[in-house]
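Fit chains Z, D and R with the ligands to the supplied structure of chain W, relying on the hints for placement.
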Amino acid sequence: MPSLTHCRDDFPILKRSVHDGVPLAFLDNAASTQRPLSVINAISECYEKYYANVHRGIHTLSEESTERYERSRKTVASFIGAKHDHEVVYTAGATAAINTVARSWGGQNLKPTDTVLLTIAEHHANIVPWQQLAAEIGFKIEYLPLQDDFQLETNAVREALESYQPKLFAFTAASNVLGTSFPVAEWTALAHQQGSTVLVDAAQAAPHQSINVQAWNADFLVFSGHKVCGPTGIGVLHGKEQLLEQMPPFLGGGGMISRVTTEGFETAALPDKFEAGTPPISEAIGLEAAVKYLTEIGLKNIEEHEKTLARHAEHGLRQIDGVSVIGPQSGEKTGIVSFVLSHAHAHDVAHSLSDRGIAARAGHHCTMPLHHALGLTATTRASFYLYNTLEEAEHLVHSVAEIQQKFTPTGRRRRRRKQ
Amino acid sequence: MPSLTHCRDDFPILKRSVHDGVPLAFLDNAASTQRPLSVINAISECYEKYYANVHRGIHTLSEESTERYERSRKTVASFIGAKHDHEVVYTAGATAAINTVARSWGGQNLKPTDTVLLTIAEHHANIVPWQQLAAEIGFKIEYLPLQDDFQLETNAVREALESYQPKLFAFTAASNVLGTSFPVAEWTALAHQQGSTVLVDAAQAAPHQSINVQAWNADFLVFSGHKVCGPTGIGVLHGKEQLLEQMPPFLGGGGMISRVTTEGFETAALPDKFEAGTPPISEAIGLEAAVKYLTEIGLKNIEEHEKTLARHAEHGLRQIDGVSVIGPQSGEKTGIVSFVLSHAHAHDVAHSLSDRGIAARAGHHCTMPLHHALGLTATTRASFYLYNTLEEAEHLVHSVAEIQQKFTPTGRRRRRRKQ
Amino acid sequence: MIKMPSEQDIYEEHVLDHYEDPYHRGPFGEATHAHEANNPLCGDEIHIDLKLSADGKVTEAWFDGEGCVISQASASMLVETIEGKTLEELQEFSAEDMLALFGPKLTPNRQKCCLLSWRVLQSAVHSPIDPSDDDQEGASFSGPSLSEES
Amino acid sequence: MIKMPSEQDIYEEHVLDHYEDPYHRGPFGEATHAHEANNPLCGDEIHIDLKLSADGKVTEAWFDGEGCVISQASASMLVETIEGKTLEELQEFSAEDMLALFGPKLTPNRQKCCLLSWRVLQSAVHSPIDPSDDDQEGASFSGPSLSEES
Ligand SMILES: Cc1ncc(COP(=O)(O)O)c(C=O)c1O
Ligand SMILES: Cc1ncc(COP(=O)(O)O)c(C=O)c1O
Numbered sequence: 560m561p562s563l564t565h566c567r568d569d570f571p572i573l574k575r576s577v578h579d580g581v582p583l584a585f586l587d588n589a590a591s592t593q594r595p596l597s598v599i600n601a602i603s604e605c606y607e608k609y610y611a612n613v614h615r616g617i618h619t620l621s622e623e624s625t626e627r628y629e630r631s632r633k634t635v636a637s638f639i640g641a642k643h644d645h646e647v648v649y650t651a652g653a654t655a656a657i658n659t660v661a662r663s664w665g666g667q668n669l670k671p672t673d674t675v676l677l678t679i680a681e682h683h684a685n686i687v688p689w690q691q692l693a694a695e696i697g698f699k700i701e702y703l704p705l706q707d708d709f710q711l712e713t714n715a716v717r718e719a720l721e722s723y724q725p726k727l728f729a730f731t732a733a734s735n736v737l738g739t740s741f742p743v744a745e746w747t748a749l750a751h752q753q754g755s756t757v758l759v760d761a762a763q764a765a766p767h768q769s770i771n772v773q774a775w776n777a778d779f780l781v782f783s784g785h786k787v788c789g790p791t792g793i794g795v796l797h798g799k800e801q802l803l804e805q806m807p808p809f810l811g812g813g814g815m816i817s818r819v820t821t822e823g824f825e826t827a828a829l830p831d832k833f834e835a836g837t838p839p840i841s842e843a844i845g846l847e848a849a850v851k852y853l854t855e856i857g858l859k860n861i862e863e864h865e866k867t868l869a870r871h872a873e874h875g876l877r878q879i880d881g882v883s884v885i886g887p888q889s890g891e892k893t894g895i896v897s898f899v900l901s902h903a904h905a906h907d908v909a910h911s912l913s914d915r916g917i918a919a920r921a922g923h924h925c926t927m928p929l930h931h932a933l934g935l936t937a938t939t940r941a942s943f944y945l946y947n948t949l950e951e952a953e954h955l956v957h958s959v960a961e962i963q964q965k966f967t968p969t970g971r972r973r974r975r976r977k978q
Numbered sequence: 560m561p562s563l564t565h566c567r568d569d570f571p572i573l574k575r576s577v578h579d580g581v582p583l584a585f586l587d588n589a590a591s592t593q594r595p596l597s598v599i600n601a602i603s604e605c606y607e608k609y610y611a612n613v614h615r616g617i618h619t620l621s622e623e624s625t626e627r628y629e630r631s632r633k634t635v636a637s638f639i640g641a642k643h644d645h646e647v648v649y650t651a652g653a654t655a656a657i658n659t660v661a662r663s664w665g666g667q668n669l670k671p672t673d674t675v676l677l678t679i680a681e682h683h684a685n686i687v688p689w690q691q692l693a694a695e696i697g698f699k700i701e702y703l704p705l706q707d708d709f710q711l712e713t714n715a716v717r718e719a720l721e722s723y724q725p726k727l728f729a730f731t732a733a734s735n736v737l738g739t740s741f742p743v744a745e746w747t748a749l750a751h752q753q754g755s756t757v758l759v760d761a762a763q764a765a766p767h768q769s770i771n772v773q774a775w776n777a778d779f780l781v782f783s784g785h786k787v788c789g790p791t792g793i794g795v796l797h798g799k800e801q802l803l804e805q806m807p808p809f810l811g812g813g814g815m816i817s818r819v820t821t822e823g824f825e826t827a828a829l830p831d832k833f834e835a836g837t838p839p840i841s842e843a844i845g846l847e848a849a850v851k852y853l854t855e856i857g858l859k860n861i862e863e864h865e866k867t868l869a870r871h872a873e874h875g876l877r878q879i880d881g882v883s884v885i886g887p888q889s890g891e892k893t894g895i896v897s898f899v900l901s902h903a904h905a906h907d908v909a910h911s912l913s914d915r916g917i918a919a920r921a922g923h924h925c926t927m928p929l930h931h932a933l934g935l936t937a938t939t940r941a942s943f944y945l946y947n948t949l950e951e952a953e954h955l956v957h958s959v960a961e962i963q964q965k966f967t968p969t970g971r972r973r974r975r976r977k978q
Numbered sequence: 002m003i004k005m006p007s008e009q010d011i012y013e014e015h016v017l018d019h020y021e022d023p024y025h026r027g028p029f030g031e032a033t034h035a036h037e038a039n040n041p042l043c044g045d046e047i048h049i050d051l052k053l054s055a056d057g058k059v060t061e062a063w064f065d066g067e068g069c070v071i072s073q074a075s076a077s078m079l080v081e082t083i084e085g086k087t088l089e090e091l092q093e094f095s096a097e098d099m100l101a102l103f104g105p106k107l108t109p110n111r112q113k114c115c116l117l118s119w120r121v122l123q124s125a126v127h128s129p130i131d132p133s134d135d136d137q138e139g140a141s142f143s144g145p146s147l148s149e150e151s
Numbered sequence: 002m003i004k005m006p007s008e009q010d011i012y013e014e015h016v017l018d019h020y021e022d023p024y025h026r027g028p029f030g031e032a033t034h035a036h037e038a039n040n041p042l043c044g045d046e047i048h049i050d051l052k053l054s055a056d057g058k059v060t061e062a063w064f065d066g067e068g069c070v071i072s073q074a075s076a077s078m079l080v081e082t083i084e085g086k087t088l089e090e091l092q093e094f095s096a097e098d099m100l101a102l103f104g105p106k107l108t109p110n111r112q113k114c115c116l117l118s119w120r121v122l123q124s125a126v127h128s129p130i131d132p133s134d135d136d137q138e139g140a141s142f143s144g145p146s147l148s149e150e151s
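Chains as they are written, first to last, in this note's numbering: chain W, 560 to 978; chain Z, 560 to 978; chain D, 2 to 151; chain R, 2 to 151.
Here chain W stands alone, though its shape is the one from the complex (with noise of 0.2 Å):
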């Protein structure tokens, strides 16, 4: 494996350390990830040399920041190999670009005697927005079970298209618990098959895997710029360009129209119908130096290092005694490694950790559907990027190890109150 870890000093935050010295392992880039300073540079000289509004201002200072919104748009479409550049719509994070496609494309297509196919592993993002439109149309929302062994099985997901007939299926690359990813293309084809539009939650996949949205050929696909590397307030929406153009714009207001009177108005052309009012330009503008490092950087040499890292991981954790790891044995694994302990809640867990410097979640991560469906309320979830060492991997395992045994019952007594 080609090692990254001169990469860790491309990100500042690394150097610093937790408290009393403590080093911090940051191991919750599933969450969010960190930037390196090429990207926290690209948004303060954006800030210091030429901001200004964009769109089409006849002045110096918003024809540079027209031309690099537009740039990093350009920038960004290739990242994920689309056709058009105006294919690629900026929203304010995945979750925003999941409710468009829900609240436009939904609102026009969706009828009460349709059917939308998730996956029970979906992110409350792919499965709210779908029940609150249900809630309005009267469709029905079908959810995908997980076998025993945590896997979906490609032919579990041929029967559920072949017998729902769904109007959509809307299933996430990679799962932000199990560290398992899906075979995009293929299920994408199979609901082609059955008539099914498609929509790919790419929150998981984007920042560890190359993407080519003409290859996988999902109508939609979303991500968040703050889960690669980029900053927060900005998410991605793909659409093919013939549906983003039959759908009906979703904000209205300024930038995507053409024209307005008192009685109605036009719709600009895409990208911009799907744009209303000032875009996120200096995020865009990170985004763009995100994409940039990442892409330098290899997303295969990325992924390689997170997956050995995580595996790494996931084997010690499997030998601790009374920690169960919430996930596949085997198939397609990506950085993220979920557990439970036996002698303590996730809670207690995470901040135990947080005590050794590493930094994890604890939670249902916005999956409560997944989680209950394993039975459980809440996980711990360690979650691996570019710039994580086979030590802090090592350290979670020590880590996990001492704290099962911490936690462990030793029939203490609380004092009797005086009364």
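To be clear, the hints were calculated from the coordinates, so they are not data collected in a lab. Treat each hint with caution, since some may be false.
[Claimed, not checked] In silico DSSO-like links for lysine-lysine, alpha-carbon gap of 30 Å or less:
1. W:Lys851 - Z:Lys574
2. Z:Lys608 - W:Lys574
3. W:Lys726 - W:Lys699
4. W:Lys892 - W:Lys642
5. W:Lys866 - Z:Lys608
6. Z:Lys574 - R:Lys106
7. R:Lys106 - W:Lys633
8. Z:Lys608 - W:Lys859
9. Z:Lys608 - W:Lys851
10. Z:Lys608 - Z:Lys670
11. Z:Lys726 - Z:Lys699
12. W:Lys799 - W:Lys892
13. R:Lys106 - R:Lys86
14. W:Lys642 - W:Lys726
15. D:Lys106 - Z:Lys633
16. W:Lys859 - W:Lys892
17. R:Lys86 - R:Lys52
18. W:Lys965 - D:Lys106
19. Z:Lys851 - W:Lys608
20. Z:Lys799 - Z:Lys726
21. Z:Lys851 - W:Lys574
22. W:Lys851 - W:Lys642
23. W:Lys642 - R:Lys86
24. Z:Lys851 - Z:Lys633
25. Z:Lys642 - D:Lys106
26. Z:Lys670 - W:Lys699
27. W:Lys608 - Z:Lys608
Keep in mind that this is a model prediction, so the values were computed, not measured.
Just chains Z, D and R with the ligands, lined up with the frame of chain W:
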């Protein structure tokens, strides 16, 4: 007037030259303002020192980020005099905030027989969302017209409120074209007497005047971060607690729920209910720095300063033959001056101003209905802010005089084409 | 900068004692008032049973639940403390008092774990167990919200 | 970094000549094909009238409109240039050719002003003036969008 000249040093971009050593005179502040170093540094510091996803992560960075994110909300709440911090909801911008009110409050409360009252001077952001909703629901939209002197008298507002009995009165606190501001508290009180709900678009007011939402008593108020020296990618929706609580959520996803099952979801408490997905974290932290910066300088001083400059410019422009200022001679005025030249199109004016280092906007400024009502297609707009100088105002006046001169028809003849 | 209290501070003997050997944990058949709620952050659940006397005193208090050390230990401390108190005293018992009762200093996110039982208690006193059992006002909390993590 | 072309460059004699003394500007009674559109950026409007011969040649071209120097001068240059051209030649006349015809280098935002007449022309050739006048395909443009400023 207290000199604010020292402020210029706080804004790195003001040191740049536009081209060939021509210094920048940034008079495009109504489109978007520049940022002081303290804002740029707050964003960088967030990413370099303590960034992690917010919302109850049990590790040090997440605790720190969450604390800073919520501290920002507190600061902004006190900036606008909100009664409760959780009445402040962060959105992607003013546009997103108005859309939130339209879809959530409007979707729940507006009926086919209702009327929504706007002014003809509204920005598209406060027109199009209501048109979109009206197309669905079927209510009527009425527009308060301007008088010939560009004014809108309170008497006309009272009469319209009485005759239309609108369910909602949505108006801008300050026009982004006319350079006027409206008496918000007075109009709001009149609207409430008629039982109307009130939305105030404070996008052009928040940067320049001290706002107290309790004194104004509007039910909803919105503004954008990038117009108050803050980052792009963030806006503020203030709503009265009781209204926000009764409204359904708008966007669905992580963070805005308290429970999700395969059957449905329960909504989280305020303000989380309206903040689906990873919020604009670094943007909120940057916005806090911006609001602190403005507060330190003093909104009163800023208002006075920019009014002085704008009136100076307006006075000069009115002296130029063939230049018409689009806005009233007197009344409550702000730091905005829009104008047209008899000999040059707004675009050619802005272009020629840019040659002289002056950044101004040309076009309809997202107020096509207003421009149509005034019989115009485009105006040129200069908008002043705390860092502008009297010299810049004078430079503008001289430049406009030159441009008007330059584009005077001279009886040129096109060279005949050799055939 | 937030100083994250270290493990030793939070999981001190007193806390772990209450966790492993809680006061009045389990079902209670004689409750006159009861309420339960969960913390969506971690799935922690707390149920509180109260027996109130005619003159408005807590004669007995029990809890049941599942969750992290802090939520469960703090619930145990709470029910132990409130027995014998009047309704006025309960109403005056603030979130700050609850955090003080717990002892170790908590970061904002973990305060939510500690305050879960306190919130449930505030609702329980308004939730009599009797035929007119549909008093739902206890369902809406004031104070910091209990939302999920991402 | 974008170099904003300076005034002298853009408003050169040739351009101002076309602005003040345009070629074939005004109504034209013999048009066989016509189209018009506006640039929402600035409200610029361009109408183009064409007279096409049976063998697919532009025998006469006129424009009318209102707007900035660049949109009006470029329209004048365009109609002057296309007379005598075949439909194939028009189809081959690209946006780049249009910018080259105009001459002075334009920033992206001002290219939109220059390309307005070119777009209208592309649609006009598909928009015969006759009883079957409802051919609306010309209404949707390809290429960079013409949206508004903020
Ligand atoms: C009066 C007014 N309202 C609303 C807006 C929209 O703000 P934003 O583009 O930041 O969403 C603007 C800014 O252009 C404005 O001037
Ligand atoms: C699989 C998945 N989908 C969607 C999201 C939502 O992304 P965001 O919160 O950036 O909108 C996340 C991140 O939490 C995720 O992991």
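A quick look at each hint next to the structure:
The straight-line distance between the Cα atoms of Lys851 of chain W and Lys574 of chain Z is roughly 29 Å, inside the 30 Å bound, and the hint therefore holds. With a C-alpha separation of about 9 Å, the suggested pair Lys608 of chain Z and Lys574 of chain W falls inside the 30 Å cut-off, and the hint holds. Note on Lys726 of chain W and Lys699 of chain W: the hinted pairing holds, with a Cα-Cα distance of about 10 Å set against a maximum of 30 Å. For a cut-off of 30 Å, the pair hint linking Lys892 of chain W to Lys642 of chain W stands: about 29 Å separates their Cα positions.
Only pairs whose Cα atoms come within 30 Å are accepted, and Lys866 of chain W paired with Lys608 of chain Z is accepted, the gap being roughly 27 Å. Annotation: proposed proximity of Lys574 of chain Z to Lys106 of chain R holds, straight-line Cα distance about 27 Å (limit 30 Å). A distance of roughly 22 Å separates the Cα atoms of Lys106 of chain R and Lys633 of chain W; the hinted pair therefore holds under the 30 Å criterion. With a C-alpha separation of about 29 Å, the suggested pairing of Lys608 of chain Z with Lys859 of chain W holds against the 30 Å cut-off.
Proposed proximity of Lys608 of chain Z and Lys851 of chain W is supported: the alpha carbons are some 23 Å apart, at most 30 Å. Of the pairs offered as hints, the one joining Lys608 of chain Z and Lys670 of chain Z is violated, with about 50 Å between alpha carbons and a cut-off of 30 Å exceeded. For the given pair, Lys726 of chain Z sits about 10 Å from Lys699 of chain Z by alpha-carbon distance, which is consistent with the 30 Å threshold. Simply put, Lys799 of chain W and Lys892 of chain W have alpha-carbon atoms about 28 Å apart, close enough for the 30 Å limit, and the pair holds.
Only pairs whose Cα atoms come within 30 Å are accepted, and Lys106 of chain R paired with Lys86 of chain R is accepted, the gap being roughly 25 Å. Under the criterion of a C-alpha separation no larger than 30 Å, the hint pairing Lys642 of chain W with Lys726 of chain W is consistent with the structure, at around 24 Å. Taken as a hint, the Lys106 of chain D and Lys633 of chain Z pair is honoured in the structure, with Cα atoms around 22 Å apart against an allowance of 30 Å. For the given pair, Lys859 of chain W sits about 14 Å from Lys892 of chain W by alpha-carbon distance, which is consistent with the 30 Å threshold.
Between Lys86 of chain R and Lys52 of chain R the alpha-carbon distance is near 11 Å, which keeps this suggested pair within the 30 Å criterion. For the given pair, Lys965 of chain W sits about 20 Å from Lys106 of chain D by alpha-carbon distance, which is consistent with the 30 Å threshold. Using a Cα cut-off of 30 Å, the hinted pair Lys851 of chain Z and Lys608 of chain W holds, with the two alpha carbons roughly 23 Å apart. Our distance criterion of 30 Å between C-alpha atoms is met by Lys799 of chain Z and Lys726 of chain Z, whose separation comes to about 17 Å.
Note on Lys851 of chain Z and Lys574 of chain W: the hinted pairing holds, with a Cα-Cα distance of about 29 Å set against a maximum of 30 Å. A threshold of 30 Å between alpha carbons decides the hint, and for Lys851 of chain W with Lys642 of chain W the separation of about 19 Å falls inside it, so the pair holds. Of the supplied pair hints, the one linking Lys642 of chain W and Lys86 of chain R is violated, its CA atoms being roughly 33 Å apart against a limit of 30 Å. Using a Cα cut-off of 30 Å, the hinted pair Lys851 of chain Z and Lys633 of chain Z holds, with the two alpha carbons roughly 12 Å apart.
For a cut-off of 30 Å, the pair hint linking Lys642 of chain Z to Lys106 of chain D stands: about 28 Å separates their Cα positions. As the CA atoms of Lys670 of chain Z and Lys699 of chain W are separated by approximately 27 Å, the hinted pair is consistent with the 30 Å bound. As the CA atoms of Lys608 of chain W and Lys608 of chain Z are separated by approximately 24 Å, the hinted pair is consistent with the 30 Å bound.
When each numbered hint is compared with the structure, violations occur for hints 10 and 23.
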